[in-house]
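A.B. asks: So the chains spell out like this:
There are 2 protein chains.
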Amino acid sequence: MSPGDVPVYSMGGRMKAVERRVKIGEVVLRLVMCGLCAITCALIGTDTQVRMIFSLEKKAKYTDMKALVFLVITNGVASGYSLIQGVRCLVAMTRGSVLFNKTLAWAIFSCDQVMAYLLLAAVAAAMQSAVLSEFGQPEMQWMKVCNLYRKFCNQVGEGLVSSFLASLSMVTISFLSAFNLFRLYGPNKGRGNTSYTVSM
Amino acid sequence: MSPGDVPVYSMGGRMKAVERRVKIGEVVLRLVMCGLCAITCALIGTDTQVRMIFSLEKKAKYTDMKALVFLVITNGVASGYSLIQGVRCLVAMTRGSVLFNKTLAWAIFSCDQVMAYLLLAAVAAAMQSAVLSEFGQPEMQWMKVCNLYRKFCNQVGEGLVSSFLASLSMVTISFLSAFNLFRLYGPNKGRGNTSYTVSM
Numbered sequence: 001m002s003p004g005d006v007p008v009y010s011m012g013g014r015m016k017a018v019e020r021r022v023k024i025g026e027v028v029l030r031l032v033m034c035g036l037c038a039i040t041c042a043l044i045g046t047d048t049q050v051r052m053i054f055s056l057e058k059k060a061k062y063t064d065m066k067a068l069v070f071l072v073i074t075n076g077v078a079s080g081y082s083l084i085q086g087v088r089c090l091v092a093m094t095r096g097s098v099l100f101n102k103t104l105a106w107a108i109f110s111c112d113q114v115m116a117y118l119l120l121a122a123v124a125a126a127m128q129s130a131v132l133s134e135f136g137q138p139e140m141q142w143m144k145v146c147n148l149y150r151k152f153c154n155q156v157g158e159g160l161v162s163s164f165l166a167s168l169s170m171v172t173i174s175f176l177s178a179f180n181l182f183r184l185y186g187p188n189k190g191r192g193n194t195s196y197t198v199s200m
Numbered sequence: 001m002s003p004g005d006v007p008v009y010s011m012g013g014r015m016k017a018v019e020r021r022v023k024i025g026e027v028v029l030r031l032v033m034c035g036l037c038a039i040t041c042a043l044i045g046t047d048t049q050v051r052m053i054f055s056l057e058k059k060a061k062y063t064d065m066k067a068l069v070f071l072v073i074t075n076g077v078a079s080g081y082s083l084i085q086g087v088r089c090l091v092a093m094t095r096g097s098v099l100f101n102k103t104l105a106w107a108i109f110s111c112d113q114v115m116a117y118l119l120l121a122a123v124a125a126a127m128q129s130a131v132l133s134e135f136g137q138p139e140m141q142w143m144k145v146c147n148l149y150r151k152f153c154n155q156v157g158e159g160l161v162s163s164f165l166a167s168l169s170m171v172t173i174s175f176l177s178a179f180n181l182f183r184l185y186g187p188n189k190g191r192g193n194t195s196y197t198v199s200m
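Protein chains in written order, with this note's numbering: chain A, 1 to 200; chain B, 1 to 200.
Everything labelled a hint here was simulated from the structure, so no lab data went into it. Fair warning: there could be bad hints in the mix.
[As the list claims (entries may be wrong)] Each computed DSSO-like pair below joins lysine-lysine, with the alpha-carbon atoms no more than 30 Å apart:
no.: 1; chain 1: B; residue 1: K102; chain 2: A; residue 2: K23
no.: 2; chain 1: A; residue 1: K144; chain 2: A; residue 2: K66
no.: 3; chain 1: A; residue 1: K102; chain 2: B; residue 2: K16
no.: 4; chain 1: B; residue 1: K144; chain 2: A; residue 2: K151
no.: 5; chain 1: A; residue 1: K102; chain 2: A; residue 2: K16
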């Protein structure tokens, strides 16, 4: 152990228990998120439906809607990212110790934040498209298409639920990485107080 | 000063300078955000265009598109919220001292996070609608409407830019409130180290 390192048992049992719960929670969330993103990609990426309309064969696929393409790409990237991060957390746990420095914490925090906002934006845009497909927008002369492609729309709906749950997991993970980063800037050195005065 | 409070000068000059910059940055961002959200509401809420199409009078307004209604409501709430928060920060600065406790930090952090994600989701959904209005979606038989209502669409575009900038400000503010909250959980008591070892 280098001179700059502080063993965890000096922080007291409560802090150690919090550390442990945060670490386990982070691993579980990252792996759950990886699975949910992969499910979203599979559900939406493989979704097709063929209909015969006046002897014309019409095929619905996710590439017809740019928002769904964006959703599949974002979920694919998020799935790979959370797998790598989950493995990193697992390795750190099994090795029994983690060297945690500000640069690494900043990198993880930044990537997590970007991923959370990207996933949420992709889900919001895809949901807007889904609502338009389901209900149409009479003021714009945009007709409903889901009454023609019911099976296709249902599968997109399942993908959206899965992606929404993934983005909730990502939001929670980004809280944890913010916690891991910003407590390194703790001002309460030498005391266990919960309040302090800032003079400006 | 109560016994639990720690005067800022005991943290050293560097920490004090960081404190000060964070506080000033927070006030500026909150007031800028309040203005940007108000501008968005004004731009989109007052946006109308009347066209004569085959002797029929057609009027475009923001309520024709649910995503724009959601955007205006979210920006209205965010504008009021950031005004209140900005005034709170200003009062705290002019009074010269802030009593900062975990409960208040958690409340501010939670509200800021919810607001950041809501604003971003609203902007993403409205942008998706705007892209559909501008380019149409031929696969769905959804026609472009912006070539009919050019002035209306341009004003919505300006509102979207303003709202996007507001959501970037809100994201930055939510970083600051995460910083303000989680450093209260700092483990580095008694040392100025930047790395530590966690044993599990």
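A.B. asks: Next step is simple, just say for each hint if it's right about the structure.
C.D. replies: These are the hints, each one checked on the structure:
no. : hint            : in the structure
1   : K102/B x K23/A  : 22 Å, holds
2   : K144/A x K66/A  : 17 Å, holds
3   : K102/A x K16/B  : 19 Å, holds
4   : K144/B x K151/A : 27 Å, holds
5   : K102/A x K16/A  : 20 Å, holds
In the structure shown, no violation is registered for any of the earlier numbered hints.
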